[in-house]
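Protein chains: 2
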Amino acid sequence: MGAETSPSAAASEPAFAQAPVPADHPGVAELFAVLAYGEISAFYRLAEDAKLSPTLRGRVALASMAAAEMSHFETLHAALEARGVEIYAAMEPFRRSLDAYHACTTPSTWLESLVKAHVGDGIAADFYCEIAGTLAPEVASVVREVLAETGHSEFVVHEVRTAVEKSSLEKDRLMLWGRRLLGEAITQAQYVMAQQEDLADLVITATGDLTNIAALFDRMQVEHAKRMAVLGLH
Amino acid sequence: MGAETSPSAAASEPAFAQAPVPADHPGVAELFAVLAYGEISAFYRLAEDAKLSPTLRGRVALASMAAAEMSHFETLHAALEARGVEIYAAMEPFRRSLDAYHACTTPSTWLESLVKAHVGDGIAADFYCEIAGTLAPEVASVVREVLAETGHSEFVVHEVRTAVEKSSLEKDRLMLWGRRLLGEAITQAQYVMAQQEDLADLVITATGDLTNIAALFDRMQVEHAKRMAVLGLH
Chain Z
1 MGAETSPSAA ASEPAFAQAP VPADHPGVAE LFAVLAYGEI SAFYRLAEDA
51 KLSPTLRGRV ALASMAAAEM SHFETLHAAL EARGVEIYAA MEPFRRSLDA
101 YHACTTPSTW LESLVKAHVG DGIAADFYCE IAGTLAPEVA SVVREVLAET
151 GHSEFVVHEV RTAVEKSSLE KDRLMLWGRR LLGEAITQAQ YVMAQQEDLA
201 DLVITATGDL TNIAALFDRM QVEHAKRMAV LGLH
Chain H
1 MGAETSPSAA ASEPAFAQAP VPADHPGVAE LFAVLAYGEI SAFYRLAEDA
51 KLSPTLRGRV ALASMAAAEM SHFETLHAAL EARGVEIYAA MEPFRRSLDA
101 YHACTTPSTW LESLVKAHVG DGIAADFYCE IAGTLAPEVA SVVREVLAET
151 GHSEFVVHEV RTAVEKSSLE KDRLMLWGRR LLGEAITQAQ YVMAQQEDLA
201 DLVITATGDL TNIAALFDRM QVEHAKRMAV LGLH
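Protein sequences appear in the order of chains Z and H.
Numbering of the first sequence is given in full-length UniProt numbering, commencing with residue 1 and proceeding in unit increments.
Numbering of the second sequence is given in full-length UniProt numbering, commencing with residue 1 and proceeding in unit increments.
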């Protein structure tokens with residue numbers, strides 16, 4: 001996802017030309033752990049946001065997306081177990097940042113919750129998939145598996161497009177909301193990196209250098225804009 | 001589950017000696033629909049109850065149980081679609097009773113939520129599995145699939161047993177709680193039957209007559225007591 005369709009993808013080539021980050025890099029367990037806590041917190045955020053749904057169909061759609069997050073959690077649990085890492089201790093350092101992201105971006109309307117479910121997951125997926133491209137194949141395959149689409153996108157796209165076609169006020173509000181989601185995600189990602197040395201080292205090894213990290217964030221913005229456009233938000 | 005281990009199982013034999021309830025009985029769609037709404041409401045009840053958990057491990061256990069409910073929902077969705085039945089309209093008549101069950105049995109402590117997750121699901125499973133034994137095989141297989149254990153029982157059993165071994169006050173409270181869950185479940189089941197003619201007809205056809213329904217409720221009480229005993233509540 002991401003790089004192959006991005007006009008600025010060429011900027012990441014130096015990173016991909018390097019040898020892959022070895023599977024025993026200490027940052028790998030941290031990467032799995034932050035992804036695992038991401039799944040749990042997404043599960044509970046979706047379950048909570050479903051209360052804003054005006055219809056039972058909407059609640060079912062969010063429940064199904066939430067359920068998919070748990071199946072990804074199980075994959076990460078198994079991957080950490082195989083490395084002899086206790087998942088609950090490993091997730092602990094990431095709770096504050098991820099909880100802060102959700103606390104700063106609690107939807108106040110049903111449409112905000114749908115945009116967050118669609119766009120927020122996409123931002124995270126772009127970031128991790130770019131990193132995955134530079135990891136040892138057995139690590140990359142776990143990362144890609146847990147970032148697979150959680151489905152029900154069609155439902156979200158239809159609901160949001162219909163609403164913003166009817167109301168330019170709603171469209172303006174949701175455009176701002178999308179920008180805020182991207183900003184908060186990048187802020188919290190940087191905070192996580194600053195706190196977790198092994199993970200930061202993995203990301204820097206994966207991307208090559210700081211210039212490539214900047215280029216990665218640029219590509220994430222391009223992908224974000226595309227996803228917003230799919231929702232009629234452009 | 002249920003009948004084969006129950007000392008009073010023999011009482012149901014007349015029902016099983018009859019020809020199976022045909023797959024095109026109009027109550028079958030209602031049976032699938034009530035099961036489907038049961039899965040959705042269990043999903044959101046578990047997600048909500050998880051807030052009472054003192055640990056992340058507990059929240060994960062409930063999230064995993066909730067996710068399993070959604071996979072059962074998908075099975076029922078497919079089964080209703082195959083019959084040309086629109087699931088959301090079909091579930092509508094059951095919302096009030098099932099929501100009332102959950103509203104009357106909202107846990108106020110983490111242990112109450114664990115007992116409800118374990119024992120409440122078991123009561124429903126006993127009832128539907130007894131009915132399944134008398135249905136056409138293609139219908140029975142759907143019912144049995146969606147009533148399969150949602151896992152994580154070991155976690156629940158360990159948490160509850162440990163707590164009640166330490167505190168006889170807690171044990172007394174949870175014994176009463178279990179009795180209330182059974183009572184509310186039977187009350188709401190009878191209410192559903194009184195409202196939904198086709199489903200009531202299916203249950204009566206399935207069980208043979210009212211004497212057999214009474215025997216079924218007796219067996220459910222026996223199974224309930226066994227499940228409570230597993231939790232150290234006897």
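It is worth saying that the hints were derived from the structure and are not from the lab.
Just so we're clear, the structure is a prediction, and the values are computed from it rather than from any experiment.
Be aware that one or more of the hints could be misleading.
[Stated by the list, open to error] Think about it this way: if two alpha-carbon atoms lie no more than 25 Å apart in a straight line, the pair counts; the simulated DMTMM-like pairs of lysine to aspartate or glutamate are:
#1 H:K171 <-> H:E138
#2 Z:K171 <-> Z:E154
#3 H:K51 <-> Z:D121
#4 Z:K51 <-> H:D121
#5 H:K51 <-> Z:E74
#6 Z:K51 <-> H:E48
#7 H:K51 <-> Z:E138
#8 H:K51 <-> Z:E92
#9 H:K226 <-> H:E138
#10 Z:K51 <-> Z:E184
#11 Z:K51 <-> H:E86
#12 H:K226 <-> H:E165
#13 Z:K166 <-> Z:E184
#14 H:K171 <-> H:E154
#15 H:K226 <-> H:E197
#16 H:K51 <-> Z:E86
#17 Z:K171 <-> Z:D201
#18 Z:K226 <-> Z:E92
#19 H:K171 <-> H:E92
#20 H:K51 <-> H:E184
#21 Z:K51 <-> H:D99
#22 Z:K171 <-> Z:D121
#23 H:K226 <-> H:D172
#24 Z:K51 <-> Z:D218
#25 Z:K51 <-> H:E92
#26 H:K51 <-> H:D172
#27 Z:K226 <-> Z:D172
#28 H:K51 <-> H:E145
#29 H:K51 <-> H:E170
#30 Z:K226 <-> Z:D198
#31 H:K51 <-> H:D99
#32 H:K51 <-> Z:D99
#33 Z:K51 <-> H:E154
Here's how the hints hold up against the structure:
Proposed proximity of K171 (chain H) and E138 (chain H) is contradicted: the alpha carbons are some 42 Å apart, above 25 Å. Simply put, K171 (chain Z) and E154 (chain Z) have alpha-carbon atoms about 19 Å apart, close enough for the 25 Å limit, and the pair holds. Distance hint between K51 (chain H) and D121 (chain Z) is fulfilled; the C-alpha atoms sit about 23 Å from each other, no more than 25 Å. At roughly 23 Å between alpha-carbon atoms, K51 (chain Z) and D121 (chain H) fall within 25 Å of each other, so this suggested pair holds.
Proposed proximity of K51 (chain H) and E74 (chain Z) is supported: the alpha carbons are some 20 Å apart, at most 25 Å. Distance check on the hinted pair: K51 (chain Z) and E48 (chain H) sit about 11 Å apart at the alpha-carbon level, within 25 Å; holds. For a cut-off of 25 Å, the pair hint linking K51 (chain H) to E138 (chain Z) is broken: about 35 Å separates their Cα positions. Between K51 (chain H) and E92 (chain Z), the direct Cα distance comes to roughly 18 Å. Compliance with the 25 Å bound is thereby established for this hinted pair.
For the given pair, K226 (chain H) sits about 30 Å from E138 (chain H) by alpha-carbon distance, which is inconsistent with the 25 Å threshold. Simply put, K51 (chain Z) and E184 (chain Z) have alpha-carbon atoms about 23 Å apart, close enough for the 25 Å limit, and the pair holds. Note on K51 (chain Z) and E86 (chain H): the hinted pairing holds, with a Cα-Cα distance of about 23 Å set against a maximum of 25 Å. Taking the CA atoms of K226 (chain H) and E165 (chain H), the gap is about 17 Å. The hint holds against a cut of 25 Å.
For a cut-off of 25 Å, the pair hint linking K166 (chain Z) to E184 (chain Z) is broken: about 28 Å separates their Cα positions. Among the hinted pairs, K171 (chain H) with E154 (chain H) is consistent with the structure: their alpha-carbon atoms are about 19 Å apart, no more than 25 Å. The suggested pairing of K226 (chain H) with E197 (chain H) is violated, with an alpha-carbon distance near 32 Å, which exceeds 25 Å. In summary, the hint linking K51 (chain H) to E86 (chain Z) is supported, as the alpha carbons are separated by about 23 Å, within the 25 Å threshold.
Only pairs whose Cα atoms come within 25 Å are accepted, and K171 (chain Z) paired with D201 (chain Z) is rejected, the gap being roughly 40 Å. Of the supplied pair hints, the one linking K226 (chain Z) and E92 (chain Z) is violated, its CA atoms being roughly 33 Å apart against a limit of 25 Å. As the CA atoms of K171 (chain H) and E92 (chain H) are separated by approximately 37 Å, the hinted pair breaks the 25 Å bound. Between K51 (chain H) and E184 (chain H), the direct Cα distance comes to roughly 23 Å. Compliance with the 25 Å bound is thereby established for this hinted pair.
Restraint check for K51 (chain Z) and D99 (chain H): the C-alpha separation of about 14 Å stays at or below 25 Å, so the hint holds. Of the supplied pair hints, the one linking K171 (chain Z) and D121 (chain Z) holds, its CA atoms being roughly 20 Å apart against a limit of 25 Å. Of the supplied pair hints, the one linking K226 (chain H) and D172 (chain H) holds, its CA atoms being roughly 17 Å apart against a limit of 25 Å. Between the alpha carbons of K51 (chain Z) and D218 (chain Z) the distance comes to roughly 35 Å, so the proposed pair goes past 25 Å and is violated.
Between K51 (chain Z) and E92 (chain H) the alpha-carbon distance is near 18 Å, which keeps this suggested pair within the 25 Å criterion. Using a Cα cut-off of 25 Å, the hinted pair K51 (chain H) and D172 (chain H) holds, with the two alpha carbons roughly 24 Å apart. For the proposed pair K226 (chain Z) and D172 (chain Z), the alpha carbon gap of about 16 Å is at most 25 Å, so the pair holds. Proposed proximity of K51 (chain H) and E145 (chain H) is contradicted: the alpha carbons are some 29 Å apart, above 25 Å.
For the hint pairing K51 (chain H) with E170 (chain H), the CA-to-CA distance comes to about 20 Å; that is within 25 Å, so the pair holds. About 32 Å separates the Cα atoms of K226 (chain Z) and D198 (chain Z), which puts this hinted pair outside 25 Å; it is violated. Taking the CA atoms of K51 (chain H) and D99 (chain H), the gap is about 19 Å. The hint holds against a cut of 25 Å. With a C-alpha separation of about 14 Å, the suggested pairing of K51 (chain H) with D99 (chain Z) holds against the 25 Å cut-off.
Taken as a hint, the K51 (chain Z) and E154 (chain H) pair is broken in the structure, with Cα atoms around 30 Å apart against an allowance of 25 Å.
The structure is inconsistent with the numbered hints 1, 7, 9, 13, 15, 17, 18, 19, 24, 28, 30, 33, although it conforms to all the rest.
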